[in-house]
Structures are given as C-alpha cells and as structure tokens.
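Those protein sequence lines, which keep their order, are chains R and E. Each residue of the first sequence is one higher than the one before, starting from 1 at the first, in my numbering. Each residue of the second sequence is one higher than the one before, starting from 1 at the first, in my numbering.
Treat the hints with care, since some could be wrong.
Said to hold, decoys possible - Coverage of chain E stretches by chain R, computed from C-beta distances (three or more under 8 angstroms per stretch; other residues unrestricted):
no., segment
1, 173-186
2, 207-220
What the hints assert, rightly or not - One-sided and incomplete, this derived list gives chain E residues near chain R with beta-carbon spacing under 10 angstroms:
no., residue
3, Ala-129
4, Ser-130
5, Gly-147
6, Glu-193
7, Arg-194
8, Asp-204
9, Leu-244
10, Leu-245
Keep in mind that the hints were calculated from the coordinates and are not lab data. Cβ coordinates follow ideal geometry from the N, Cα and C atoms, glycine included.
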Amino acid sequence: MTDAPVLAAERLAVSIRGMELVSRVDVEVGAGQCLAIAGESGSGKTVTCRSFVGLLGRLGGEVSGGRLLLGGEDVSRDDERAWRSRRGRAVALVPQASLASLNPVVRVGSQMVETIRALGGARAARGRALELLEQVRLDDPERVFRSYPHQLSGGMRQRVMIALSIAGRPRLLVADEPTTALDVTVQRQILALLRDLQRASGMALVFVTHDLSVVREIADRVAVMYAGETIETGPVADVLQRPLHPYTRALLAADPTTAPRGRPLSEVPGKPADPRSWPAGCRFQPRCEHAREECAAPAPLRSFGGSRAAACHRVEQIGEGR
Amino acid sequence: MSAPVLVAEQVTIRYRGDAPPAVVDGSISVAAGETVGIVGESGSGKSTFAKALVGLIEPSEGAIRVAGRPWREVRRRDPERRRVQMIFQDPYAALNPRLTARRSVAEALSVVRGVPGAEADEQADELLASVGLDARAVDLRPRALSGGQRQRVVIARALACDPDIVVADEPTSSLDVSAQAQVLNLLARLRAERGLGIVLISHDLAVVRHITDEVLVMRSGRIVESGPTEAVMSAPSHPYTATLLGRDAGAAAEAAAE
C-alpha cells in the first residue's frame with residue numbers, strides 16, 4: 001500500500017445532526033503535495049476539513065456516505081477512540097488564527113511540553129519544544145517558551161500553533177484558513193513557513209481557504225467547492241488560468257485580484273444554495289448562465305485529462321477559459 | 001475639477017497624551033466623485049484616521065474641514081454634518097437589529113433630512129431599490145439578511161443623508177468574494193451616477209487597486225507613500241509599499257529592519 005495517497009476522499013458525504021452539509025467530495029493528496037480546498041462560506045469546506053482529522057463527532061456529525069481513506073486505509077466509520085490515537089500523529093490540524101486556540105493562563109512552553117508528552121515523548125520534552133519553536137522560525141525560542149499567549153503577536157501565536165501541530169510529525173497536516181485574521185505581510189510569512197515545512201518533511205498539506213490569491217501562493221492542486229460538492233479539481237495553474245466550471249469562472253471574474261481593472265466585477269446572480277434544500281440536478285444550475293435542460297440531472301465530476309476534472313454537463317459546449 | 005469637500009491637513013491623533021500618536025501628520029483631500037484608498041496593516045492608524053475624517057474623533061493637532069468648516073464647529077443639525085458619511089466593516093453591528101431594512105433607511109431620512117413618515121418609507125424603498133436590494137428583503141430585519149444585503153442597507157442608509165463623500169472602512173472584508181463584487185460594483189456605480197466621492201480604507205490591495213484613483217499607504221501612523229493608485233502599485237517608491245505588495249524580498253527585509 002506504499003503507493004496509496006496520504007489522503008483520499010471518494011464521493012465523501014458528511015451530515016451534521018442529520019443535515020447533509022457535504023454531499024460529494026472527491027480529492028486526493030500525496031506525500032509532499034499541497035492541496036487547497038477553496039470555496040465561499042456555506043460551501044462545506046470547513047466541515048470537509050474537519051472530517052479529515054476526525055473532528056466530526058464534536059460537531060454532532062458523521063461520514064454519511066462515500067469513503068475517507070488515510071494511506072489507503074478506510075477510516076470512514078472510525079470512532080473517537082480510533083481518531084484520538086491518530087490525531088496529532090498521523091494527522092494534525094492547524095486551526096484559524098485566534099487568541100482562543102491557546103490556553104491564556106498557561107505559558108506557551110508548558111502547553112507544548114504537555115502536548116509532546118501526550119504524544120509519547122516524555123524524555124527531553126523541553127528540548128523538543130525549543131527545537132519545534134526554532135523550526136517555525138521564531139527568533140527567540142527561549143523567550144517564546146516562557147511567554148503567555150497574550151504576550152505574543154498574532155503571527156507568533158500562529159507559529160506556535162503550527163509548532164504544536166507538527167510535534168507528532170504528522171503525515172497529513174490540515175490547515176483551516178490559518179492566515180485569515182493576519183496582516184498581509186505576516187500572512188505571506190506563514191504561508192512560506194507552511195510550504196517549507198511541508199517540503200522539508202514530505203508531509204501532505206491540505207489548505208482550506210476562501211482566498212484565491214492564497215491558493216496561487218501555496219498549493220500544487222486545488223479543489224473548488226460549491227454547495228457541498230467538489231465542482232472542479234486540477235493543478236492550480238490550469239484551474240486558475242483556464243477554469244472549466246462556470247462557478248470557478250464566476251469566482252475568478254468576481255475577484256479583484258484576477259478580474260480586469262476598471263470594469264465591473266462579475267456578479268453571480270441569485271443566492272448561494274441552501275443545505276436545507278439543495279437544488280436538484282447540478283447544484284449551480286439555478287445561478288448558471290450556461291444552464292440548459294440537461295443540467296436538471298446531477299453533474300458528477302468528469303475527467304478532462306491532465307489530471308483535471310469538473311462537475312459540469314456543458315464543459316465541451318462552453319469551452320475552457322475565463 | 002470640483003473643489004475638495006473633505007480636507008485634512010497635518011492631522012495628529014493621540015488617544016492618550018503619553019502614548020505614541022495613532023496618526024501623525026495625516027493629510028488628505030477629497031472632492032465629490034473622487035476615490036481615494038487608504039491601505040495599511042493593523043495598527044497603521046488607518047481606521048483612526050477614517051474616524052477622524054467623519055468627525056467621530058477630534059484630532060489632537062491639525063484640522064479636518066468639511067466644505068471649509070472644521071468638524072469641531074459643525075453641529076448635529078448643520079448641513080455640513082450630512083455631507084460625509086461612514087460605512088463600517090461589520091454591517092450587522094451597524095444596523096439596529098429590531099428595524100427592518102426599510103425602517104433603518106426611513107429613520108435616517110426623517111431624522112437627518114426631515115422627510116415626513118409615509119414619504120420617508122417611499123423614498124427608503126426607492127433608495128433600497130437603487131442599491132440593488134431585492135424588493136422582498138425590504139421588510140426583513142438584519143438577522144434575516146445575507147452579509148451582502150446588510151451592507152447594501154448600510155450603504156442605502158448612508159445615501160439617505162445625501163452625502164458628497166462616504167468613508168468606507170473595510171466595507172467588504174466580512175463578505176465572500178461574490179458578495180464583495182456586488183458591493184464594489186455598487187460603490188463604483190454610485191460614484192459614476194451620483195458623483196459620490198469615496199474614501200476606501202482597506203488592507204486588501206486588490207480591492208483598493210480595483211476601485212480607487214489615488215492611494216495613501218500608512219504605516220505606524222504615518223503616510224509613507226501616496227499618489228495615483230496605478231503608479232504606486234506598479235512602481236512603489238517606498239520599501240514598505242513593496243513589502244505589502246509582496247514584490248521584493250530584499251525590500252521586505254529592509255522594511256522589517258527599520
């Protein structure tokens with residue numbers, strides 16, 4: 001099974017308290033690769049990434065269809081106990097940057113030592129903590145080790161979170177909008193850090209974001225989500241320069257980083273789909289300018305060569321491009 | 001070109017006498033129909049400057065004038081009061097949760113402009129339609145509106161005061177890309193159709209580049225660079241601007257070491 005991808009989702013569906021928020025996610029990420037999952041709020045990207053690290057139970061959720069494979073092993077039905085032994089070791093999560101991620105009344109060093117011990121590294125936990133702080137390029141590891149979280153800047157705290165997440169040398173690191181609340185220059189440094197750590201260790205990185213410029217900066221491949229489904233996947237350069245799916249095109253034309261200057265940005269008509277009543281057939285069809293009769297049927301991902309895929313009946317008629 | 005409506009000259013703002021000033025020597029001049037961006041990171045002083053521009057904070061030094069009168073002389077009922085309006089980052093916090101979209105706008109019309117009841121409702125509907133709010137949404141309260149719809153209501157309420165200039169502080173940073181596109185298009189259209197002047201405060205350089213003609217770059221309370229947006233963004237002269245744009249690692253190191 002050495003060739004199996006670090007993570008694979010096959011027609012993955014996730015329900016939270018009986019409501020199907022994610023219906024069909026198909027992604028794959030190999031060792032040393034970075035996959036970005038991009039989408040707007042309500043697309044299901046956060047729930048999807050929680051499922052990758054086994055954190056659905058706490059949300060009252062479960063894998064309700066399809067399969068989730070880690071290194072080729074089906075973990076779709078694993079319980080909290082199985083995930084607890086895996087989390088921090090085989091898989092780890094970097095949460096969104098926030099003051100709440102660290103315990104405010106415990107020094108950074110103690111929190112790290114506790115984590116390292118829980119991972120089974122009782123001996124030399126302090127040395128390992130300092131080594132990790134150095135790995136995430138914190139200038140004065142000793143000082144950070146002795147600090148309380150509020151004494152650090154947002155960017156430094158996020159580096160500490162990354163240090164904690166890689167303490168167990170995970171094969172898969174899942175980062176959920178890890179730079180969203182940070183300033184641009186800090187954001188860029190954190191992205192560079194994650195990319196370097198990922199390349200140096202050969203781990204797989206899944207990066208969840210709503211920001212297409214971040215996708216361009218960090219990822220090898222991208223999966224675009226809409227209404228609980230991956231609607232387009234492929235190498236970043238291809239998808240962002242020659243999108244196949246009408247929703248991907250609309251997103252790029254609405255984004256001032258990619259849209260032509262001085263002209264109105266494109267607006268997607270209508271409202272985002274509602275998980276309480278997903279549209280029948282292609283879920284983007286009610287908002288799609290290219291929709292025709294055939295779009296009343298469900299649109300699964302279809303392969304278009306060059307490891308690209310899109311979930312649209314009319315790719316051939318519309319042609320690729322922006 | 002028309003005379004500037006809003007002028008700030010060498011404004012310094014201190015929150016506390018002994019603390020370093022939040023804004024130092026900030027100057028800006030905006031006429032109706034002009035668009036000026038203010039970019040910078042958190043702590044750069046851009047939001048403090050914005051609040052002073054609409055008269056919410058009084059400068060410690062220097063003056064901010066609206067149609068020639070300093071803010072400190074402008075009273076609540078004076079006509080200058082309504083000429084500069086603010087649009088906040090979080091439309092949910094800016095709206096009264098108990099008022100429908102129509103009532104929010106009608107209230108501004110009657111309080112600021114003295115439009116009587118039934119007529120205010122009618123004009124509110126027209127304003128809400130002009131900012132592209134779905135007619136079915138005018139009777140909804142903020143909780144039932146999407147983020148993009150809420151920001152439209154906030155913009156319509158600002159327009160109810162018939163301003164020459166709006167100062168918008170991160171108006172789209174809480175919105176998704178597609179809702180952001182709608183709000184940016186709306187601002188651009190209001191500028192073209194009504195000659196609205198816009199001061200756009202944002203950390204997002206792409207947004208500022210898309211919508212403004214002039215830009216100020218702020219860092220640690222100071223304006224470190226200003227000029228035509230296209231020129232500043234394509235050939236920044238200050239290393240910090242280059243850092244913001246992610247241009248040049250050498251310049252980035254230099255700016256960080258400053």
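Verification of the hints:
For the segment 173-186 of chain E, the stated coverage by chain R holds: 8 residues have a C-beta nearer than 8 angstroms to a C-beta of that chain, and at least 3 were required. A stretch counts as covered by a chain when three or more of its residues have a beta carbon under 8 angstroms from one of that chain; for the segment 207-220 of chain E and chain R the count is 4, and the coverage holds. Below 10 angstroms, beta-carbon pairs count as interface contacts, and Ala-129 of chain E has none with chain R, the closest being about 16 angstroms; its hint is therefore violated. A cut of 10 angstroms between beta carbons decides the hint on Ser-130 of chain E: the least distance to chain R is about 16 angstroms, and the hint is violated.
Taking 10 angstroms as the C-beta contact cut-off toward chain R, the hint placing Gly-147 of chain E at the interface holds, the least distance being around 8 angstroms. Checking Glu-193 of chain E against chain R: minimum C-beta separation of about 13 angstroms lies over 10 angstroms; hint violated. Violation of the interface hint for Arg-194 of chain E is found here, the shortest Cβ-Cβ separation to chain R being roughly 16 angstroms, above the 10 angstroms cut-off. The criterion of a C-beta within 10 angstroms of any C-beta in chain R is met by Asp-204 of chain E, whose closest approach is roughly 8 angstroms, and the hint holds.
Residue-level restraint check for Leu-244 of chain E holds (minimum Cβ-Cβ distance to chain R is 6 angstroms; threshold 10 angstroms). Satisfaction of the interface hint for Leu-245 of chain E is found here, the shortest Cβ-Cβ separation to chain R being roughly 9 angstroms, below the 10 angstroms cut-off.
Of the hints listed earlier, those the structure fails to meet are numbers 3, 4, 6, 7, in rising order.
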